[in-house]
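*Asks:* With the hints as constraints, model all of the structure from the sequences given.
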Amino acid sequence: MLKKYKEPIFLLVVMAISVFMFCEATTIHVSGRSRNPVGPATWPEIMLGGMFFFSALLFVIDIRRIRRGESLEAVRGEGESADTADLAKDKQEYPQRGLYTFIFLVLYLLLLPTCGFVLSSAVLLFLYLLSLRISLRGCLLLALGSTAVLTFLFPHLLSVPLPRGTGVFQHVSKLFY
Amino acid sequence: MFDFFLGLGDVLTPLNLLIMSGGVLFGLICGALPGVSGTMAVVLLIPLTYSLDANAAFVLLVATYIGAVFSGSISAILFRVPGAPEAVATTLDGYPMAQKGMAGQALGWSIAASAFGGVFGTLFLITISSQMAQVALKFGSAEYFALAVAGISVISVMNRGNEIKGLICACFGLFLATVGIDPIMGANRFTFGFTGLMGGINFIPVVTGMFAISEVLRKIQTEASVDDQTLEISKKARSALPRLREWKGRVGLFLRSSTIGTLIGILPGVGATTAAVLSYSEGMRWSKKPKEWGTGIPEGIIAPESANNAAANGALVPLLALGIPGSATTAVMLGAFIIHGIKPGPTLFTDAMPVVYAIFAASLLSNVLILLYAPPFIRAFALLIRIPYKILGPLIMVLSVVGCYAVRNSMVDVWTMLACGLLGYVLERFNFPIVSILLGVVLGGLAETEFRRALILSGGDYFTFFERPISAVLLVVALGAMLLPGVLSLCKRLKSCRAPKTAHISS
Numbered sequence: 112m113l114k115k116y117k118e119p120i121f122l123l124v125v126m127a128i129s130v131f132m133f134c135e136a137t138t139i140h141v142s143g144r145s146r147n148p149v150g151p152a153t154w155p156e157i158m159l160g161g162m163f164f165f166s167a168l169l170f171v172i173d174i175r176r177i178r179r180g181e182s183l184e185a186v187r188g189e190g191e192s193a194d195t196a197d198l199a200k201d202k203q204e205y206p207q208r209g210l211y212t213f214i215f216l217v218l219y220l221l222l223l224p225t226c227g228f229v230l231s232s233a234v235l236l237f238l239y240l241l242s243l244r245i246s247l248r249g250c251l252l253l254a255l256g257s258t259a260v261l262t263f264l265f266p267h268l269l270s271v272p273l274p275r276g277t278g279v280f281q282h283v284s285k286l287f288y
Numbered sequence: 003m004f005d006f007f008l009g010l011g012d013v014l015t016p017l018n019l020l021i022m023s024g025g026v027l028f029g030l031i032c033g034a035l036p037g038v039s040g041t042m043a044v045v046l047l048i049p050l051t052y053s054l055d056a057n058a059a060f061v062l063l064v065a066t067y068i069g070a071v072f073s074g075s076i077s078a079i080l081f082r083v084p085g086a087p088e089a090v091a092t093t094l095d096g097y098p099m100a101q102k103g104m105a106g107q108a109l110g111w112s113i114a115a116s117a118f119g120g121v122f123g124t125l126f127l128i129t130i131s132s133q134m135a136q137v138a139l140k141f142g143s144a145e146y147f148a149l150a151v152a153g154i155s156v157i158s159v160m161n162r163g164n165e166i167k168g169l170i171c172a173c174f175g176l177f178l179a180t181v182g183i184d185p186i187m188g189a190n191r192f193t194f195g196f197t198g199l200m201g202g203i204n205f206i207p208v209v210t211g212m213f214a215i216s217e218v219l220r221k222i223q224t225e226a227s228v229d230d231q232t233l234e235i236s237k238k239a240r241s242a243l244p245r246l247r248e249w250k251g252r253v254g255l256f257l258r259s260s261t262i263g264t265l266i267g268i269l270p271g272v273g274a275t276t277a278a279v280l281s282y283s284e285g286m287r288w289s290k291k292p293k294e295w296g297t298g299i300p301e302g303i304i305a306p307e308s309a310n311n312a313a314a315n316g317a318l319v320p321l322l323a324l325g326i327p328g329s330a331t332t333a334v335m336l337g338a339f340i341i342h343g344i345k346p347g348p349t350l351f352t353d354a355m356p357v358v359y360a361i362f363a364a365s366l367l368s369n370v371l372i373l374l375y376a377p378p379f380i381r382a383f384a385l386l387i388r389i390p391y392k393i394l395g396p397l398i399m400v401l402s403v404v405g406c407y408a409v410r411n412s413m414v415d416v417w418t419m420l421a422c423g424l425l426g427y428v429l430e431r432f433n434f435p436i437v438s439i440l441l442g443v444v445l446g447g448l449a450e451t452e453f454r455r456a457l458i459l460s461g462g463d464y465f466t467f468f469e470r471p472i473s474a475v476l477l478v479v480a481l482g483a484m485l486l487p488g489v490l491s492l493c494k495r496l497k498s499c500r501a502p503k504t505a506h507i508s509s
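Residue numbers (the working numbering), protein chains in the order written: chain A, 112 to 288; chain B, 3 to 509.
Worth flagging that the hints you see were computed from the coordinates, not collected in a lab.
For glycine and all other residues, C-beta sits at the position ideal for the given N, C-alpha and C.
Treat each hint with caution, since some may be false.
Claimed, not checked - Quick partial rundown of chain A residues pointing at chain B, CB under 8 Å, derived from the structure:
{"#": "1", "residue": "151"}
{"#": "2", "residue": "169"}
{"#": "3", "residue": "240"}
{"#": "4", "residue": "241"}
Claimed, not checked - Only some residues are given here: those of chain B computed to face chain A with a beta carbon under 8 Å:
{"#": "5", "residue": "396"}
{"#": "6", "residue": "397"}
{"#": "7", "residue": "404"}
*Replies:* Given below as structure tokens:
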């Protein structure tokens with residue numbers, strides 16, 4: 112039942128976001144606004160209004176189609192690129208991998224500013240690869256190897272700074288770059 | 003022309019050829035790495051040029067930039083991660099083509115288009131650079147706004163049958179481009195107290211998130227991508243330069259895209275990325291089969307790749323002829339000119355003629371060198387796809403994180419990438435065309451700023467956009483292109499409504 116209404120629910124979320132952002136846009140203030148024909152809030156207000164209007168329109172169309180017993184999946188297809196149409200064919204045989212990937216990314220981004228690039232990349236990449244059932248030796252080799260290559264490539268060869276972390280981690284990072 | 007051959011003679015010394023080869027190779031490596039743009043590659047080499055004479059210095063810088071602009075397409079085609087901002091539009095057809103097992107052809111078309119666009123842009127530069135620079139100066143805010151609208155208008159063609167979702171995505175993209183400090187009045191918009199958002203949302207994290215991260219999230223969950231499919235693609239990921247008969251019917255697209263690229267490159271402040279996106283949208287608009295665009299066709303690679311390489315050369319026109327840097331890279335090159343005691347501008351062609359023609363010759367030869375160096379470079383790079391996706395996926399993610407961080411050394415960009423990755427994953431599940439978001443983010447800043455600036459200059463007169471001939475023509479074409487599909491489908495519906503009635507009456 113709920114599966115049928117997945118897209119309309121998503122559209123409701125889009126509408127809620129556009130209303131929230133629209134309210135936020137109305138609070139944008141600058142002095143001397145009256146002298147300019149179009150203020151800093153006008154353009155985003157038009158875009159958010161458009162987003163709300165088109166989402167509401169699609170919501171009504173979707174609801175009417177569902178009530179008529181048409182499947183939204185069947186209605187799609189003709190206007191889509193092969194890229195998006197292929198998505199439906201993908202079988203999620205390992206859905207837990209998607210979850211691990213998301214957890215890895217969040218933890219990685221949280222640790223990066225504190226622990227620095229070398230430590231957080233090596234440790235988290237090792238754990239993540241382990242969760243994907245790669246052999247222990249492979250995990251170790253890949254985690255350390257890729258961290259070493261990126262550390263050599265970016266800070267050393269290309270002079271592009273990477274996060275060093277704070278406190279003791281900063282001192283550890285300074286040993287490498 | 004005699005001066006050009008003198009410049010060519012200067013460049014063809016063994017030392018300069020060696021410097022040029024090194025520059026092209028360095029550019030190829032930098033461009034293929036996400037987060038290291040052509041501008042950054044040129045900046046990195048500036049200290050090296052102190053010890054070189056002016057001719058050799060500019061040979062090195064031009065060769066590096068041209069190499070970097072091309073190689074951004076390699077990772078865009080193979081991994082859906084644009085190596086350089088200029089390759090953003092190449093992802094749209096390059097990656098689906100690689101997924102069909104045609105990675106070699108995709109890379110081959112990319113090399114051919116880059117070389118063609120580059121040579122076209124250089125020839126343009128040699129012949130009518132000073133005249134075109136004067137025309138570019140006539141472009142005002144109204145024209146820039148109209149140009150952006152013309153680019154955005156392609157969403158009606160791009161998302162036929164899925165227009166409403168395309169419009170929602172385009173509005174969202176245009177809205178994303180407004181985050182940060184307002185460029186005209188300095189107001190803070192949608193930053194929610196985060197100082198990191200004041201500089202706005204850079205489109206590199208948006209594109210990396212929506213294309214690369216969402217793809218990793220999707221592919222890592224499927225079994226097929228882990229072994230068989232990737233192996234199949236990697237076997238075919240050897241660049242196969244297109245045969246002469248394959249060019250048939252595509253020469254017009256090559257010429258049109260290169261012309262668009264060169265003309266947009268000449269306009270100060272627009273850049274090769276916008277040129278590639280606009281060329282892609284125009285290519286789709288003029289195509290007889292617009293529905294096939296985005297499904298993995300060579301035309302979708304030819305259009306952006308010819309344009310971005312032509313634009314890289316076009317950007318040199320205002321720098322050399324007027325002393326105005328049209329892009330970030332040419333701004334860096336302006337610094338290099340000053341370091342070597344040369345003043346770019348109208349007097350450059352008389353004061354430092356050998357340097358100017360050395361730049362022209364280096365630009366031409368670097369594009370030829372791409373044809374030589376790119377195939378082995380791609381072969382080495384393509385070895386990476388032989389790695390199973392459960393290993394490659396995490397490596398792409400770490401590289402994407404580093405690449406996004408390197409853009410502005412900001413963690414906000416990396417978080418933006420993650421948020422966009424999740425959003426892209428969800429939007430693709432609901433069949434929203436994320437390409438429309440990309441169009442909005444790339445062209446949104448230009449559209450809004452120039453729209454407001456034009457109105458300020460005209461004292462709030464909205465007719466200013468139609469009073470200037472260039473902007474009027476561009477806007478009429480864009481509006482026509484946007485409204486035409488709707489009008490045509492309405493006519494079709496009316497016809498089909500009438501047909502049964504008349505049939506009923508006649509019976």
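*Asks:* Indicate, hint by hint, whether the structure satisfies it.
*Replies:* Hint check results:
With a least beta-carbon distance of about 4 Å to chain B, the hint placing residue 151/A at the interface is held under the 8 Å criterion. Interface restraint check for residue 169/A: the shortest CB-CB distance to chain B comes to about 5 Å, inside 8 Å, so the restraint holds. Given the 8 Å rule on beta carbons, the hint for residue 240/A holds: about 6 Å separates it from the nearest Cβ of chain B. Taken as an interface hint, residue 241/A does not check out: its beta carbon lies about 11 Å from the nearest beta carbon of chain B, beyond 8 Å.
Residue-level restraint check for residue 396/B holds (minimum Cβ-Cβ distance to chain A is 6 Å; threshold 8 Å). A cut of 8 Å between beta carbons decides the hint on residue 397/B: the least distance to chain A is about 6 Å, and the hint holds. Residue-level restraint check for residue 404/B holds (minimum Cβ-Cβ distance to chain A is 6 Å; threshold 8 Å).
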